[in-house]
Structure formats: structure tokens, C-alpha cells
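*Asks:* What follows is the residue order along each chain.
2 protein chains.
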Amino acid sequence: MRLTMYTDFALRVLLYLGVKESNELSTVQEISDAYGISKNHLTKVTHELGKMGLIETVRGRGGGIRLKLAPSEINVGATIRKTEDDFHLVECFNCSANKCVITPVCRLKNVLHEALEAYFKVLDSYTLADFVENNENLATILLGEKL
Amino acid sequence: MRLTMYTDFALRVLLYLGVKESNELSTVQEISDAYGISKNHLTKVTHELGKMGLIETVRGRGGGIRLKLAPSEINVGATIRKTEDDFHLVECFNCSANKCVITPVCRLKNVLHEALEAYFKVLDSYTLADFVENNENLATILLGEKL
Numbered sequence: 003m004r005l006t007m008y009t010d011f012a013l014r015v016l017l018y019l020g021v022k023e024s025n026e027l028s029t030v031q032e033i034s035d036a037y038g039i040s041k042n043h044l045t046k047v048t049h050e051l052g053k054m055g056l057i058e059t060v061r062g063r064g065g066g067i068r069l070k071l072a073p074s075e076i077n078v079g080a081t082i083r084k085t086e087d088d089f090h091l092v093e094c095f096n097c098s099a100n101k102c103v104i105t106p107v108c109r110l111k112n113v114l115h116e117a118l119e120a121y122f123k124v125l126d127s128y129t130l131a132d133f134v135e136n137n138e139n140l141a142t143i144l145l146g147e148k149l
Numbered sequence: 003m004r005l006t007m008y009t010d011f012a013l014r015v016l017l018y019l020g021v022k023e024s025n026e027l028s029t030v031q032e033i034s035d036a037y038g039i040s041k042n043h044l045t046k047v048t049h050e051l052g053k054m055g056l057i058e059t060v061r062g063r064g065g066g067i068r069l070k071l072a073p074s075e076i077n078v079g080a081t082i083r084k085t086e087d088d089f090h091l092v093e094c095f096n097c098s099a100n101k102c103v104i105t106p107v108c109r110l111k112n113v114l115h116e117a118l119e120a121y122f123k124v125l126d127s128y129t130l131a132d133f134v135e136n137n138e139n140l141a142t143i144l145l146g147e148k149l
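Taken in sequence, the protein lines are chains R and F. Per the numbering used here, residue 3 is the first one in the first sequence, and the count goes up by one each step. Per the numbering used here, residue 3 is the first one in the second sequence, and the count goes up by one each step.
FYI, nobody ran anything at the bench for these hints, they're computed from the structure. Incorrect hints may have been included.
Since the list can't tell identical chains apart, any single copy or any two copies may satisfy a pair.
Heads up, simulated DSSO-like pairs for lysine-lysine below, C-alpha to C-alpha not over 30 angstroms straight-line [to be verified]: (1) Lys101 <-> Lys70; (2) Lys123 <-> Lys84; (3) Lys101 <-> Lys123; (4) Lys101 <-> Lys41; (5) Lys22 <-> Lys70.
Work out the full structure, taking the sequences as your base and the hints as a guide.
*Replies:* Below, the structure written as C-alpha cells:
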């Protein structure tokens with residue numbers, strides 16, 4: 003059971019933008035350099051985060067990306083719900099494709115739903131602000147001498 | 003975020019064997035027929051469940067498989083921990099392969115661990131007995147006229 007690499011990278015982009023001053027712009031290249039991960043992957047990730055309304059792009063010379071919302075407004079559970087393809091733990095979670103014959107009487111599916119709810123209850127109780135506020139060490143690692 | 007098809011099928015095998023009388027044997031063919039899923043997949047799944055000590059095989063004519071433990075002794079969380087390859091929600095959950103530079107100061111990883119713990123806390127509170135005891139509808143669907 004894993005989250006997608008896409009979600010992993012999306013969260014890293016948000017952390018990076020979250021440790022910057024609110025209006026300061028970042029480039030995909032600098033985020034790629036900071037984490038040592040593929041610029042191509044990050045370009046796709048930032049494009050999607052833009053479509054989700056979490057980040058915004060300033061075009062032109064000196065342009066870049068930044069958070070569109072305050073870190074305290076970016077809920078972790080809500081973000082992961084958007085970045086993951088689905089949470090179909092087992093076949094019957096996908097109503098349209100489910101062929102499992104015991105679905106109507108299966109108590110296991112209820113327990114798996116209960117477990118997934120408990121998982122999200124934790125994630126829903128945090129925002130990006132919880133990770134970036136008063137976290138100078140994170141800023142130092144990601145932004146280095148710029149601080 | 004999904005469980006593997008392997009875990010899904012393993013749980014279905016345990017449910018099937020759990021609704022049978024304790025000493026009665028089942029064949030992979032009849033489980034395959036009951037759920038309408040591949041016998042080849044189920045053969046692999048039952049082999050692994052045997053190695054995990056959850057089911058046992060009686061060989062020879064009239065042989066088959068049955069639970070090795072009482073349903074109340076088969077914990078759901080423990081079973082899923084065994085049947086899943088891993089629970090590496092993000093890269094840093096895999097200590098040996100992790101290259102994420104912010105790991106030492108990242109609070110997000112702690113929150114993801116907290117969420118995963120909440121998920122397992124639910125699963126750990128159930129056993130196979132909770133799904134099969136007093137569930138005549140499940141027995142009717144899986145075993146049909148045999149009841």
C-alpha cells in the first residue's frame with residue numbers, strides 16, 4: 003500500500019513553496035535542484051497543482067510559481083485526496099468495476115472503510131502550516147544560503 | 003492508494019474458509035468458482051497463506067485446504083501486514099532506498115506515520131470471526147445449497 007510518486011512530489015513542492023516568504027517566486031528548476039528529483043516530473047506536478055488551485059504561476063522574465071493559498075489553508079487530507087488517483091483499497095471500493103459476489107453482506111469492506119476514515123481523520127487535522135512554520139531547519143535544507 | 007490484488011484475494015480465501023465448519027476441507031477450485039476469480043491466482047495465494055501458517059493443506063484424494071487457526075485467532079491487521087509487499091506511503095518510509103534530503107527535519111513523514119498507525123489500529127481491532135460469525139447470508143452466497 004503506497005501513495006503515488008506523484009503525491010509524494012506534490013507534497014514536496016508544497017513544502018518548498020511553503021517555507022518561502024509568501025510572495026516570493028520559485029522556479030521548477032530550483033525545486034528540482036533542492037530535492038534532486040526530475041525537473042520533468044516536477045513540471046507535470048506543478049501544472050496539476052495549478053489546476054487544483056493550490057499554486058499560481060507568474061509568467062515572463064523573473065516569473066515562477068508560489069502558493070495561491072496560505073499554508074494554513076492547505077489541508078493535507080484534502081490535498082492527498084486530490085493528488086491520488088483513487089483509494090480503492092479492494093475491488094468493491096470501485097463501485098463501477100466491482101464484481102465481488104459477497105459485497106452486499108461483506109463486513110470486511112465496512113472495516114476497511116473504517117480504517118481509511120481513521121487514516122484521513124489524521125491527515126485532515128493538519129495543514130501545510132504545521133510542517134513549515136517555525137521549521138528553520140527545513141528552510142535551511144531547502145533554501146540553503148538564501149536565508 | 004490501494005491494497006494489492008493479492009491481499010484482496012487472500013482475504014476472500016480466508017472469508018471462504020472461515021464460513022465453513024472448522025474441520026471441513028475446501029478446494030481451490032470451489033473457492034475460484036464461488037468468487038468467479040482465477041484459479042491460478044488463488045493457487046498462489048493459498049500457497050502463501052499456507053507458508054504464513056494461516057491455512058493448512060490435507061493432501062491426497064478428498065484433500066483440500068482449511069484454516070489452521072480459529073477465525074478469532076486470525077487478526078485482520080496482522081494478516082494484511084503479511085500479505086502486502088510494504089506500506090511505504092512515501093519514499094522516506096523505505097529507509098534503505100530513501101534519498102529525500104529533508105527527511106531529518108520533515109514533519110510530514112511523522113503525520114503520515116500517524117495516519118498509517120490509525121489505519122492499522124482499526125484493522126488490528128478485528129479478527130476473521132467478526133466477519134464470518136452469525137453471517138448466514140455470507141455462507142449462503144459462498145456455499146450455496148451446501149448449507
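*Asks:* Look at each hint and say if it fits the structure.
*Replies:* Outcome of the hint check:
Proximity of Lys101 and Lys70 under a CA criterion of 30 angstroms is satisfied inter-copy only: 28 angstroms between copies versus 42 angstroms inside one chain copy. Taking identical chains as interchangeable, the C-alpha atoms of Lys123 and Lys84 lie at most 30 angstroms apart whether they share a chain (16 angstroms) or sit on different chains (25 angstroms). Taking CA atoms no more than 30 angstroms apart as the test, Lys101 paired with Lys123 passes in both settings, with 29 angstroms inside one copy and 28 angstroms between copies. With identical chains, the CA atoms of Lys101 and Lys41 are at most 30 angstroms apart between copies only, with a shortest distance of 16 angstroms across copies and 40 angstroms within one.
When the C-alpha separation of Lys22 and Lys70 is checked against a cutoff of 30 angstroms, the pair qualifies only within one copy, where the shortest distance is 13 angstroms, while the shortest distance between copies is 57 angstroms.
In this structure, none of the earlier numbered hints is contradicted; all agree with it.
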